[in-house]
Amino acid sequence: MSDPTLPDPNRLDPAMLAEIEALRARTADTRRATVAAMEDILHVPFPVLDHGFVRVVDYMGDDGAVVQAARVSYGRGTRQVREDRGLIRYLMRHRHTTPFEMCEIKVHVKLPIFVARQWIRHRTANVNEYSARYSVLDKEFYIPAPEHLAAQSSANRQGRGAVLEGAEAAAALDLLRGDALRCYDTYEHLLAEDDPSRQGLARELARMNLTLNTYTQWYWKVDLHNLMHFLSLRADSHAQYEIRVYAEVLLDLMARWVPVIHEAFQDYRMGGLHLSRAGVAAVRRALSGEAVSQADSDLSPREWRELWAGLGVPAPDETRQA
146 MSDPTLPDPN
156 RLDPAMLAEI
166 EALRARTADT
176 RRATVAAMED
186 ILHVPFPVLD
196 HGFVRVVDYM
206 GDDGAVVQAA
216 RVSYGRGTRQ
226 VREDRGLIRY
236 LMRHRHTTPF
246 EMCEIKVHVK
256 LPIFVARQWI
266 RHRTANVNEY
276 SARYSVLDKE
286 FYIPAPEHLA
296 AQSSANRQGR
306 GAVLEGAEAA
316 AALDLLRGDA
326 LRCYDTYEHL
336 LAEDDPSRQG
346 LARELARMNL
356 TLNTYTQWYW
366 KVDLHNLMHF
376 LSLRADSHAQ
386 YEIRVYAEVL
396 LDLMARWVPV
406 IHEAFQDYRM
416 GGLHLSRAGV
426 AAVRRALSGE
436 AVSQADSDLS
446 PREWRELWAG
456 LGVPAPDETR
466 QA
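Numbering (the numbering used here), first residue to last: 146 to 467.
Honestly, the hints are just simulated from the structure, not real lab data.
Keep in mind the model is a prediction, meaning the values are calculated, not measured.
Fair warning: there could be bad hints in the mix.
[Claimed, not checked] Pairwise CB distance ranges (calculated): (1) 171 with 349: 33 to 43 Å; (2) 448 with 415: 19 to 29 Å; (3) 182 with 319: 37 to 47 Å; (4) 235 with 182: 16 to 26 Å.
The C-beta atom is built at its ideal place from N, Cα and C for all residues, glycine as well.
Put together the whole structure using the sequences plus the hints.
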């Protein structure tokens, strides 16, 4: 993640830019736990995609807040993990999630509508979105960079295959851009904001034909436990690129905010591997020197491939064939 000291004026309208600069100029004494690395970037937008951003508006708690909450639940006379890092790693390892819910973060996000519709599936956050019933949406659309303009995967119904090239890629980009502009022109015509001779259509109706690559904005507040659940899915390499890049910014922000928890999260959740009972049995058999194959493992062919790929080693039956 880059370390901007000022907001990017290309991502914000003048009023918002002025508001951010005023907020960053203010200082306040507090008895709350603060994190210097977060204070440094508070309100600063980190660019995402072609017009989007993520910026931290507020946060509550730090690594110590999780430790504090956890030790209350242990109580006097209960065996304690005395060292903070060890306790955090214990909580993460054994999925004791409640202490992580004591920390919260609030971010302002600008994102394409189709990304927002994926994001909103995580229903454990508090969200307030820009209202196109009351305001006019900006004339900004997400257009993929050429290297992200890919065909449908033949192996994965919700994934991408080879990148489009040449005339086909150019035609796709022209259509995406042309449709977005044409629909926005219709939106403006229906609104008739600049034509006093017509009443125009209500904003809540005029918006209905806008394309899903139109940008929207929202404030998103979530506790740390549910943020980690979001990141475990959306920062994963299998997630759609357009939401993954937002998750990667949030993951970097988490590293600034709660570095010890971030380390444990990377070790046990992002870098770890969850095995089914049949998967554990197959690994045990392989480690004991027993011949094991997909056919006698109670795993489907896909589960079998994913098991050994996750471990980073060839499947035993492939090794024997070689």
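How the hints compare with the structure:
| no. | hint | result |
| --- | --- | --- |
| 1 | 171 with 349: 33 to 43 Å | holds, 36 Å |
| 2 | 448 with 415: 19 to 29 Å | holds, 21 Å |
| 3 | 182 with 319: 37 to 47 Å | holds, 43 Å |
| 4 | 235 with 182: 16 to 26 Å | holds, 24 Å |
Consistency with the previously given hints is maintained throughout, with no hint failing.
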